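Protein sequence lines, in the order shown, are assigned to chains A, B, C and D. The first sequence runs 220 to 565 under my numbering. The second sequence runs 220 to 565 under my numbering. The third sequence runs 220 to 565 under my numbering. The fourth sequence runs 220 to 565 under my numbering.
Simulated from the structure, these hints should not be mistaken for lab results. Just so we're clear, the structure is a prediction, and the values are computed from it rather than from any experiment. Each residue gets a CB set at the ideal place from its N, CA and C atoms; glycine is no exception. Any given hint could be a false lead.
[Unchecked claim] Among chain A residues calculated to face chain B with C-beta under 10 Å, some are:
| hint | residue |
| --- | --- |
| 1 | 352 |
| 2 | 354 |
| 3 | 357 |
| 4 | 360 |
| 5 | 462 |
| 6 | 499 |
| 7 | 505 |
| 8 | 510 |
Protein chains: 4
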Amino acid sequence: MFVVMRPHATPAEIGEVIAHARALGYETREVVQGERVAVGLWGGPDGQPSGRLASLPGVVNLVRVSSPHPLASRAIDSGTTRIEVVPGVVIGGSDVVVMAGPCAVENEDQLLAAARGVRAAGATILRGGAFKPRTSPYSFQGLGEAGLAMLEAARRETGLAIVTEAVDVASFDAVEAVADIVQIGARNMQHYPLLRRAGRSSRPILLKRGLSATLKELLLAAEYILAEGNMKVILCERGVRSFENYTRNMLDLAAIPSLHELSHLPVVADPSHGTGRRSLVGPMARAALAAGSDGLLVEVHPEPGMALSDGPQSMDLEAFRRLMEELPTAAESAGRAMAAPTTPVT
Amino acid sequence: MFVVMRPHATPAEIGEVIAHARALGYETREVVQGERVAVGLWGGPDGQPSGRLASLPGVVNLVRVSSPHPLASRAIDSGTTRIEVVPGVVIGGSDVVVMAGPCAVENEDQLLAAARGVRAAGATILRGGAFKPRTSPYSFQGLGEAGLAMLEAARRETGLAIVTEAVDVASFDAVEAVADIVQIGARNMQHYPLLRRAGRSSRPILLKRGLSATLKELLLAAEYILAEGNMKVILCERGVRSFENYTRNMLDLAAIPSLHELSHLPVVADPSHGTGRRSLVGPMARAALAAGSDGLLVEVHPEPGMALSDGPQSMDLEAFRRLMEELPTAAESAGRAMAAPTTPVT
Amino acid sequence: MFVVMRPHATPAEIGEVIAHARALGYETREVVQGERVAVGLWGGPDGQPSGRLASLPGVVNLVRVSSPHPLASRAIDSGTTRIEVVPGVVIGGSDVVVMAGPCAVENEDQLLAAARGVRAAGATILRGGAFKPRTSPYSFQGLGEAGLAMLEAARRETGLAIVTEAVDVASFDAVEAVADIVQIGARNMQHYPLLRRAGRSSRPILLKRGLSATLKELLLAAEYILAEGNMKVILCERGVRSFENYTRNMLDLAAIPSLHELSHLPVVADPSHGTGRRSLVGPMARAALAAGSDGLLVEVHPEPGMALSDGPQSMDLEAFRRLMEELPTAAESAGRAMAAPTTPVT
Amino acid sequence: MFVVMRPHATPAEIGEVIAHARALGYETREVVQGERVAVGLWGGPDGQPSGRLASLPGVVNLVRVSSPHPLASRAIDSGTTRIEVVPGVVIGGSDVVVMAGPCAVENEDQLLAAARGVRAAGATILRGGAFKPRTSPYSFQGLGEAGLAMLEAARRETGLAIVTEAVDVASFDAVEAVADIVQIGARNMQHYPLLRRAGRSSRPILLKRGLSATLKELLLAAEYILAEGNMKVILCERGVRSFENYTRNMLDLAAIPSLHELSHLPVVADPSHGTGRRSLVGPMARAALAAGSDGLLVEVHPEPGMALSDGPQSMDLEAFRRLMEELPTAAESAGRAMAAPTTPVT
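Sequences are here, hints too, so could you generate the full structure?
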């Protein structure tokens, strides 16, 4: 149940609602959406008695949410949550944001070449993994903290915001210190301690759909983060497991409008992991925008043939540049525009 | 193996190639693509000896095709096969074609209302099932031949070409007599007697991907049709079975550029069956075009709430009209335009 | 709704029920299960009024069946339907029946060698395909009617009953004339004209689960057969499509007890197609019996390395003989015994 | 590559192999299997030169393993690895071990009642979760350390060994201090920091297959543990995600003989999670043993209707007792026997 307060409700009004709800036996959480505040109530007595709650000062109404993931549900917000990553870069607004870069940070030259290239082509966020979860223990596992330092240097140099993955609670602090968006990967979508830690972060969280997660499970994973107080969650469709072998995963683009129906959280797509084939990334990037995606995550490598991971699905810089020229029309077909490049650092 | 002939090779030249190949023990098939002819060879001796084939008059070269579906493979044609459904309506050309109409033909009024409405909105082909394969023996199974007559009447009235399904060999003749495109449904994608019958038809065949068919299996099903001599096959992605329950099927849009990589056959998408939810049809229709689809199959019903089948995924005429306004930009993002409406019948 | 009659109800009593039900607007079907008769009612007025039906002579009670597949549902029979294939060979009784033989009938010698071998090892039914549905149009498609004649000869020689596949309505008569059980393959599970034809046959039908069919869809396919009047349907679990590549299909053994919960129809398993690997057939055959399977379908070839189809999943005769020695204990773990070999033909 | 040493090779012989291999540029790991030792080599020069390795004292031969998971592969051991959990309780030996108990430890009475009951019925290991990974943040998440204490008390009282789950690195020490087997759950199968921590544990690890993990991915996850030095890994098939809704998961019993082909590690099955329905647990438990499973994991609750988690798939004590009576015959069908109950604590 949510107690929806009038705009600009006073702290005293909110406090009285919370005190009253707790007296009834509820746990409470304040949910801030711009100027609106709602107080979420959990647990509490059977039959959800609400006593005088509806008539307390500042209360507009009570919303009973039957959703298993109330904080993530569409019921509490009719718009898409706007997440300001850094000043001027918003995910979930009218403009579509492109995050691009290599799968893994390999060395300073590779990362800077990628960063400059994707920036020149119009991307506003740089992706790159410092900590890499790999299926085989014998594969390259990422540069770790050294990779984070390279990402930081690339941001200084290019002004691009940084999205990079945290693979466990132990390394979360280090990642959070550098990342503008902290990514939680598909394999960790149901690693709850990591979700809870993300929920206590001040950074936006990019939450990737698990390899065979239903939309409901993805939203319940988001709910773990939201329930800890971090309302800045970006959902990411990155393909699910299927019987089809031509592609690495099956990119479920219907997830984009479906998640927009079910939730107020912004949704982005990863056509690189979603297909596993460079030649399919362009068509699926366009398709994702036409389906209403709030952004894209694209793997770009200065020399895909030399990539330490995910080479076959990485575009080179020239292919990425051409792709970026095709995207405005695709975005327009869904009533959107591409985000303007950020001002260069001077 | 294919023996590729020079443009405008003479019948005598082609005949000599065929005779020579048969003498070597091959089965042969002439494949005509516009002005080019190739002679396909199957079976034959181990090690594929070709004797003097390469040096016969009119022979340009020999192409060894390792594909399990040589006639459907990209190897034999670098372009997309253009299929002229009726004069002026081409699938696989530069323009995108929309086929729209009700799931099932229910009565004359319903069909005519749908036909007029989708025509006014810009569709060029009318879809509607007279024979309906239904999961339950107790569900409405279609009007059969009476439904075909209604489709014929709708064509006379509106000038729209007709696509309708043949569910078995027994009713194929009747369907073929009326249809401009004969559809083979997902459940019948591997009913080989029906595929072979379709291969002996002069009509274009719309072949839907099976409920859990791989792309390779879809192309092998197409090969059954092609191998009987009918080169006019249109592939249709309509969603595959998955673990996700929010949508009826999982629309695998990556199949569109994938099939274009693997095959010269045109590819269309069915976002209605592909999602099972009316609210998702628009975004997925746009996405299909952005992914490079050569056309769309959309369920439209004058009164979706009254539909005898597939109501939840059918749009009403007004929603379809709005969708058609969004499509040109989506098509443009893939370098395509929408097909112009056919000239009204006078 | 079913009107359950007393044992040995008279034709007059049954006739009165039918007449009364039709007067109420229902369609009716007589369902005979041994000495019990029930009258199934469909359609009819909203709210299912039953008038004086319950009080007519010979009526025991009315059973309202909410199942979408009432004739196949557990509600109409608490036991397993016993299907007598030939005198002395019963599927669905206390004993487990093994059907074994080659995937395809290839020639007389191969078939006879297989038939004698599986008979000696204890199988009671010979399997072998004369009509073969194959994914590729260029693969061996079976010997057709010549293969049927070889099956007939093998039965004369060995006394084994025959199960063989019908792939379409056109060849059904020929198959039915020879087969003791007519198989409908996985790819045709939703080819409804074939199901309806099977429903008008006097032979038992072995209905294989489709490649990605749910249990409900399998039972609805069975319902098509039952609704035409043929109550002798044997369900077959043969593996479904999955993301796992080590095995050809994923054998869903839980389908066996699940189908026994949902339906009164007997259930058999095909561990050969279900795994696609010879080495796994034995363990999965044992497992199927332990799970309560009423029978097995096993591919056995005198020389698997020479098989024209499905060689990798075919056992040789010696391996099959050893398997048959392991099965009685597996059957016993589910409270069952192996069917005794049929008396040799003299 | 593995350098296989003669039985009872001396430390000096082994040391010389290691020194020589490192001089060639390899990383090395000693693998002890009973009295046999092999030295695994990784990395190293291209072309895998082995210099004088084969001729060093004590070396029997060099085995080149092309497997992506060499330590888990069948190539290094033709038998099944026997894992002695506590004195007298071996998984992977000739006898089949049953682990049973509640999904979650709820309180002392519930746990003790379950423990006494499953012990009386013949189980040798008690399962019960103190830390519970739950899909929803609002579900009961387990008693944590208090639950561990209850498990410890139940072991003192009944003599049963304990298997319980570790959900993250942070709580691993606490779990390891109490557990005789540490379980890693399906959702964490690819949480690599946890796998590495498990690899540094002295406890046997029960590694559950991920919700849509291939067998290869399961073995690569095991390899993470093995590569850290813990060779005591038990694989667990617990059902995978599928399109079928009647069961909670699809129990892939073919995984049991498949994993035995691919790996020397023991394999157990969890028919409770594998089906999600109490009524199916018995048949699938029997089937798992018939397929060659080295053990079972069964959810048993004194009052399933009151369970805080997984009630619908939990058996009561009486049903479990009856199941245990059916299992010896199922085990016998695979040439196995049931493990004898451990001696009661006196």
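Structure versus earlier hints, numbers of those that do not hold, lowest first
1, 2, 3, 4
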